[in-house]
Structures are given as C-alpha cells and as structure tokens.
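*Asks:* The residues making up each chain are set out below.
Number of protein chains: 2
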Amino acid sequence: MDDTRDIEALIDLMARLPGLGPRSARRAVLALLKKRGQLMAPLAQAMANVALNARDCMVCGNIGTSELCPICADPARATGEICVVEDVADLWAMERGQAFKGRYHVLGGTLSALDSVGPDELGIPRLVARVASEGTREVILALNATVDGQTTAHYIADALAGSAAQITSLAQGVPVGGELDYLDDGTIGAALRARRRF
Amino acid sequence: MDDTRDIEALIDLMARLPGLGPRSARRAVLALLKKRGQLMAPLAQAMANVALNARDCMVCGNIGTSELCPICADPARATGEICVVEDVADLWAMERGQAFKGRYHVLGGTLSALDSVGPDELGIPRLVARVASEGTREVILALNATVDGQTTAHYIADALAGSAAQITSLAQGVPVGGELDYLDDGTIGAALRARRRF
Ligand SMILES: [Zn+2]
Ligand SMILES: [Zn+2]
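Chains as they are written, first to last, in the UniProt record's numbering: chain A, 1 to 198; chain B, 1 to 198.
There may be inaccurate statements among the hints.
[Unchecked claim] With a straight-line Cα cutoff of 25 Å, these simulated DMTMM-like cross-link-like pairs (lysine to aspartate or glutamate) come out:
1. A/Lys35 with B/Glu134
2. A/Lys34 with A/Asp6
3. B/Lys35 with A/Asp184
4. B/Lys101 with A/Glu67
5. B/Lys35 with B/Asp56
6. A/Lys35 with B/Glu8
7. B/Lys34 with B/Asp74
8. A/Lys34 with B/Asp74
9. A/Lys35 with B/Asp148
10. A/Lys34 with B/Glu134
Source of the hints: derived by calculation from the structure; they are not laboratory data. Only a predicted model underlies this, so the values are computations on that prediction, with no experimental measurement involved.
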C-alpha cells in the first residue's frame, strides 16, 4: 500500500466539504493523524454508522434512520400544522428556535428551470396530497428570502389554493438583536412595510 | 437507535477538527448527509483505513504505513543531509517545495518547560546518534521562526556541536513569526537554497 497516496486521498475527500479548502483539509487530516486513537478512529466509525443508517423520512423528507423520522414518529407533534422548508439545515434551525411544535415538509431545494428541478423533485404533489388527507389547518412557508425561495413559495401557495389549509409565511423584519446599520436595504424596507402599532 | 443522537455525535466529533466550529461542522455533516453514497461512505472508509494503518516512521518520525516511511525507504534520497522539522505538516511543506532531496528528522514539537517537552520527547538523542552513525554531512534546521522554534534550534545545534556535520538553518525568506506550513512553495525553495551556517 502506498501510504502517501492513502493520506492524499483522505485530504482530497476532506477538501470537498463546505468550508474546507485544500489547505484546511490538510491541517484537519494532520490533526486527525496526531489523534488517531482518540479522534480519527471514532470519527470514521461515527461517519460510517450514519452513512449506513441515515435515510430520508418517507413522509416529510427529514433525515433519520427509520421510515419515519423522529418528528413524524412523535405523537406529541401537532399534525394540523406543516412547516415547509428548503432543506434539513433549515429544519434544524427551526427546531433550535423551539417555537414550532408541528410537522415539516422538506423540499430538498427550490424550483429551478436551469437545474431541471420541478415540483415532482421537491415532493410538492406529495405535500398537496398530505394536506388533504391529514386535514392540515395551516401550511407555513419557511423558505429563504431569495428569488428562488420566493418563486417556490408562490408556486406552493398556488398548488394549495384549492385546499382548506391557511397558507402563511414567516414574518420579515429586523432580527432580534439586529442593528439597523448592518441590515440590507431590502430587510429594512420589508420591516417598514410590515410595521406594527407600538 | 436514536438517529438524532448519532448525527449530533458526528457533528460533535467534526467540530473538534481545526478550522471547524459547531456551525461549520453542522454544515459539513449536512453536505455529507446529502452525498451519503458518493462522499460520506468513501470518506469514512478512507479515514478508517488511515487510522488503522498509519504509524510513525521509526527512523525519522514521519507518518507512513510501515516501520520506514516512504522517504526513509527511498534509496534515491541522499543520506548525507538531514532536515529537522517541527512536525509532519512542515515536512509536507518542504516536500511541496521540491527543493530538498535528503532525509528528515521530525521533532513532533518544540522544547517547552511549560508542557514538559524535553529533548527525549523530541527524539534529539536519537538524532545525535543518527548523525554519528550515518556520517551525516549537513543538518538543516528548518524550524519555525518563533521563540520556541529558535530555542529548540539552538539546543539541537549545541547537542550536535561535537559531530562532524555542518549545521545550517533556512535563510531569509521565512518571515519573523512565520510558520512553514503557511508559506508558498517558492519561498520555501528560496530559503532552502540560501541556507546559512547556524
Ligand atoms: Zn418525517
Ligand atoms: Zn522516515
């Protein structure tokens, strides 16, 4: 076995992670080499374990290890509300906020003619069927405030126009602790238009 | 199996890598989850492979997969020159410079009273014995231009004072306070060619 090639192969794979370039991947691998027993072996094991067992929830698209993710399998989560997010990172962010007690629909992206991502790829027909069969009262569109995100939100709202569910979206405005001076113009404009009585 | 716990455990381990905090570790794990087949499984395999097979070269301290690293095992590498570096990252940086054709001694750190790192921990007696037995003509001290690096360089020069080897150090080109691993290849090559008597 060519040992330099093995280590180089590991560095190349690490460099494909977001936030790591070739140099930081090299430093990460060196740190792993120095802690082969305490860190590298357990990390390899944890990664193999998740790679083997992770699967997409058949209902909502969240990642778990069973057909149903822990949220869909939790009887304490309200079934009347579905929060639509672009990807699992956004679901995790919502969960960290601890404000939402309903269930999710993970799109896995946004509509994009360029990348040939249509409604089927995002599971939108499945969402529409779910809203009808579960008697969903409210669908919260928690998509990113980008052009693609908002285009997709409008498409979903149209697709659900015939349902009994109320369609809402996250409020736009000044983030908690946010300073006006650091906000972009669009956010300030949105916050102004949605101003409330003090 | 609690799937959220498995993924959280993986994020915690990733967050212990240099350059990755909790947030970037989460993003990295999400990217891995999205590419379970193409990236996550091969990365876990490559990491397990290196963790299992990597070992320190018994002669120079470089990391390889045999008792002798590829450099020590290579008959084309000159035996008359030994380049002393602080750690494997610096050896890799020297090799990328492609200017040095001899062999190495990897200290694995610098002398430090604070951390109880003495000459034995750095293999300095082993280096002195090696210089005598191999009839080394030149020992190049390629330590970082930091206080600890230069203190260690002086200690090694003193320890080798009785040997027949000429002691040199890398020349101008290494900035004050600079670390080898962050230098570009050309700078390392220039510093090596202009090396001076220590
Ligand atoms: Zn689910
Ligand atoms: Zn070696």
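*Asks:* Evaluate each hint against the coordinates.
*Replies:* Hints, verified against the model:
Annotation: proposed proximity of A/Lys35 to B/Glu134 is violated, straight-line Cα distance about 32 Å (limit 25 Å). Restraint check for A/Lys34 and A/Asp6: satisfied, since their Cα atoms lie roughly 16 Å apart, inside the 25 Å limit. For a cut-off of 25 Å, the pair hint linking B/Lys35 to A/Asp184 is broken: about 33 Å separates their Cα positions. Taking the CA atoms of B/Lys101 and A/Glu67, the gap is about 57 Å. The hint is violated against a cut of 25 Å.
A threshold of 25 Å between alpha carbons decides the hint, and for B/Lys35 with B/Asp56 the separation of about 33 Å lies outside it, so the pair is violated. For the hint linking A/Lys35 to B/Glu8, the alpha-carbon distance of about 20 Å falls within 25 Å, and the restraint holds. Distance check on the hinted pair: B/Lys34 and B/Asp74 sit about 42 Å apart at the alpha-carbon level, beyond 25 Å; violated. Restraint check for A/Lys34 and B/Asp74: satisfied, since their Cα atoms lie roughly 24 Å apart, inside the 25 Å limit.
Of the pairs offered as hints, the one joining A/Lys35 and B/Asp148 holds, with about 23 Å between alpha carbons and a cut-off of 25 Å not exceeded. Restraint check: the Cα-Cα separation between A/Lys34 and B/Glu134 comes to about 28 Å, which exceeds 25 Å; the hinted pair is violated.
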